[in-house]
Amino acid sequence: MAKSIVQEFTKGLWQEIPPFRLVLGLCPTLGVTTSVENGLGMGLATTFVLAGSNILISLLRNIIPAKVRIACFIIIIATFVIIVEHLMQAYTYQLFQTLGVFIPLIVVNCIVLGRAEAFASKNGILPSTADGLGIGVGYTLSLGALGAVREILGNGTLTIWGDLGFNLASVFPSFQPFTFMVQAPGAFIGLGLMLCAINAIGD
Amino acid sequence: MNDMIKMVVVLTILSSVSGGLLASVHDGTKAQIENQQLKFVKGPAIKTILKGSTNDPITDRFKIQDGDVERSFFVGKIDGKANTIAFESFGKGFGGDIGVMIGVNLDEDKLVGVSVTTHSETPGLGAKAKEDPSFSAQFKSLSTNDSIKVTNDGGSINAISGATITSRAVCDTVGKSLETYKKIKPQLAEQIKAF
Numbered sequence: 001m002a003k004s005i006v007q008e009f010t011k012g013l014w015q016e017i018p019p020f021r022l023v024l025g026l027c028p029t030l031g032v033t034t035s036v037e038n039g040l041g042m043g044l045a046t047t048f049v050l051a052g053s054n055i056l057i058s059l060l061r062n063i064i065p066a067k068v069r070i071a072c073f074i075i076i077i078a079t080f081v082i083i084v085e086h087l088m089q090a091y092t093y094q095l096f097q098t099l100g101v102f103i104p105l106i107v108v109n110c111i112v113l114g115r116a117e118a119f120a121s122k123n124g125i126l127p128s129t130a131d132g133l134g135i136g137v138g139y140t141l142s143l144g145a146l147g148a149v150r151e152i153l154g155n156g157t158l159t160i161w162g163d164l165g166f167n168l169a170s171v172f173p174s175f176q177p178f179t180f181m182v183q184a185p186g187a188f189i190g191l192g193l194m195l196c197a198i199n200a201i202g203d
Numbered sequence: 204m205n206d207m208i209k210m211v212v213v214l215t216i217l218s219s220v221s222g223g224l225l226a227s228v229h230d231g232t233k234a235q236i237e238n239q240q241l242k243f244v245k246g247p248a249i250k251t252i253l254k255g256s257t258n259d260p261i262t263d264r265f266k267i268q269d270g271d272v273e274r275s276f277f278v279g280k281i282d283g284k285a286n287t288i289a290f291e292s293f294g295k296g297f298g299g300d301i302g303v304m305i306g307v308n309l310d311e312d313k314l315v316g317v318s319v320t321t322h323s324e325t326p327g328l329g330a331k332a333k334e335d336p337s338f339s340a341q342f343k344s345l346s347t348n349d350s351i352k353v354t355n356d357g358g359s360i361n362a363i364s365g366a367t368i369t370s371r372a373v374c375d376t377v378g379k380s381l382e383t384y385k386k387i388k389p390q391l392a393e394q395i396k397a398f
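Sequences listed follow chains S and F, in order. The working numbering puts the first residue of the first sequence at 1, with every later residue one more than the last. The working numbering puts the first residue of the second sequence at 204, with every later residue one more than the last.
Just chain F, with the same shape it has in the complex:
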């Protein structure tokens, strides 16, 4: 009996100490990890979308609470006017989550660019969503009121051949991002004045 209690006590104490320690490590490295991801994963995507911006979108960013998620928005100053923002959303692809960064011009309500940040799609097929610029280029200058769909579903986006599911997932994610954008546009317009 004594043995039993000892086992339970030791395991409980070990687990809780380990949990506490990991929580503090997680907190301690959180900011640094976010910086690294900005630099190596989101950075290149933001730079392609907000091409021609005169500021550094990665430092000029702000956060807005949207429901229970906090989103980061990156501000691009193009032709001297800070009227373009980029942000990332996630959708379900063929092999897992797909992260899609979209750029929107607030004055014209137009997409300025779309770029896939993270994915686990099939190399050579779905992975082209990230590697092949001609796929993401199709989203450019679409209006935020357009419904974003692949041609098979009656939309205007040509799917990547052999990767319909991936193409649909990217379209859905862009569509969802645009919904978010429309919902919080007033807040965005307010925040963006500071830049």
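Excised from the complex, chain S in its bound form:
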């Protein structure tokens, strides 16, 4: 039954890819994926928190009393979130401003607490690290993909860190952007269609 470290990592990329298979962590998935950049930035911040809290919780899993485990998990998670918040404010200020309130809201992201409770509190440090990183990378890729779909349809562009720009209008000059895709309804429609596609492909 025991899976190898590699399997623990790769399950987060497809079998248990968070927003599509587990359908968890939807608040930032819908809220910030107006562009690839925002999606990836949010995903990376979550990955850091996820990996950090998974490592620490699996280290402390025999010390934390069962009755107050959720409180302990939340303290650990909140600490990592505030670290991320400070680091982003210090080094990627503009991204920090765009993501706004969604960064502090990582604390209540069900994926993070879910992995802590369901995985890290029952497994050793190596599988927990692999699990955290895998789920985190899967989440980052999902947000990036949804962001890409919304940005290209809604705005006709694809920008990564400002350097790598692509403009759809240069290929199809008559392209008119579907502006609603970068607004709130576009998030639901985009996510719905991607869920549909992923379910159709199956395992």
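Warning: the hint list may mix true and false statements.
Pairs of lysine to aspartate or glutamate residues, derived as DMTMM-like cross-links and limited to a Cα-Cα distance of at most 25 Å, are as follows [claimed, not checked]:
id, chain 1, residue 1, chain 2, residue 2
1, F, Lys242, F, Glu273
2, S, Lys122, F, Asp206
3, F, Lys388, F, Glu334
4, F, Lys209, S, Glu117
5, F, Lys295, F, Glu334
6, F, Lys254, F, Asp310
7, F, Lys233, S, Glu117
8, F, Lys388, F, Asp269
9, F, Lys280, F, Asp259
10, F, Lys250, F, Asp312
11, F, Lys385, F, Asp230
12, F, Lys242, S, Glu117
13, S, Lys67, F, Asp206
14, F, Lys379, F, Asp312
15, F, Lys379, F, Asp206
Listed below are several chain S residues computed to face chain F (Cβ distance under 7 Å; list not exhaustive) [stated by the list, open to error]:
id, residue
16, Pro65
17, Val68
18, Cys72
19, Thr79
20, Ile82
21, Ile83
22, His86
23, Gln89
24, Ala90
25, Tyr93
26, Leu95
Think of the hints as simulated: they come from the structure by calculation, not from any bench. Even glycine gets a Cβ: it sits at the ideal position worked out from N, Cα and C.
Position chain F against the provided structure of chain S, taking the given hints into account.
Frame of chain S, contents of chain F only:
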């Protein structure tokens, strides 16, 4: 009973370690965060207020302790004379705190400009305080002894239509800043000689 003690001990230790760690992260990133805010939030406001200055106001800055707050002052050299300073204060707006940067000419005791830095006002109404230059332009060349009020309250500033509370808040903040300015003018005049 043993369980109880264990819970308390674990939670206490976790919280204090987390507190200590966060305090050091906060200290470690403080300077860098301040730089980023200077660059992206205050920088543009300072540049509009101290337009035509030959130095870089963001590097030429100093701090003065005013009561229990430490304020940063930005020095602008206009026409070769370092006689203009800009600084930021906060007031209560309609949707939250409003940050207002004001520029004052020390020789003439005149406002050289006002600019809103941060706010959470209603887009399209109160947010115009930041976006519409004709509102902030009204403050230019007012004397520091004028009372800054909107026309409804008997002053000279035309409020943004539909956003009286925001307009009042900006006026109040400018007024408060001018009070601060008058209080610490001797100190400012002393500091500014270095530039």
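Given a cut of 7 Å on the nearest C-beta pair, is the interface hint for Ile82/S held or broken against chain F? Since the shortest Cβ distance to chain F is 5 Å, the answer is holds.
Take the C-alpha atoms of Lys295/F and Glu334/F, compute the straight-line distance between them, and say whether it is at most 25 Å. The hint holds at about 18 Å.
Given Gln89/S as an interface hint, is its Cβ closer than 7 Å to any Cβ of chain F? 5 Å, holds
Would you check the hint for Lys209/F and Glu117/S, treating anything up to 25 Å between C-alpha atoms as holding? Holds, at about 20 Å.
Hinted contact Val68/S with chain F - closest CB pair below 7 Å: Check passed: Cβ of Val68/S comes within 5 Å of chain F, closer than 7 Å.
Within 25 Å, alpha carbon to alpha carbon, are Lys254/F and Asp310/F? 17 Å, holds
Is Lys250/F within 25 Å of Asp312/F, Cα to Cα? Judged against 25 Å, a Cα distance of about 20 Å means the pair holds.
Holds or violated: the hint that Pro65/S contacts chain F, with Cβ atoms closer than 7 Å. 5 Å, holds
Please verify that hint: His86/S, Cβ, nearest Cβ of chain F, below 7 Å or not. 5 Å, holds
Does Asp206/F lie within 25 Å of Lys67/S when you go C-alpha to C-alpha? Holds, at roughly 9 Å.
Would the pair Lys122/S and Asp206/F pass a check requiring their Cα atoms to be no farther apart than 25 Å? It holds: about 20 Å lies between the C-alpha atoms, which stays within 25 Å.
Using the nearest Cβ pair, does Cys72/S come within less than 7 Å of chain F? Holds. Min distance 6 Å.
When the structure is compared with the earlier hints, violations turn up for hints 3, 7, 11, 12, 15 and 26 and for no others.
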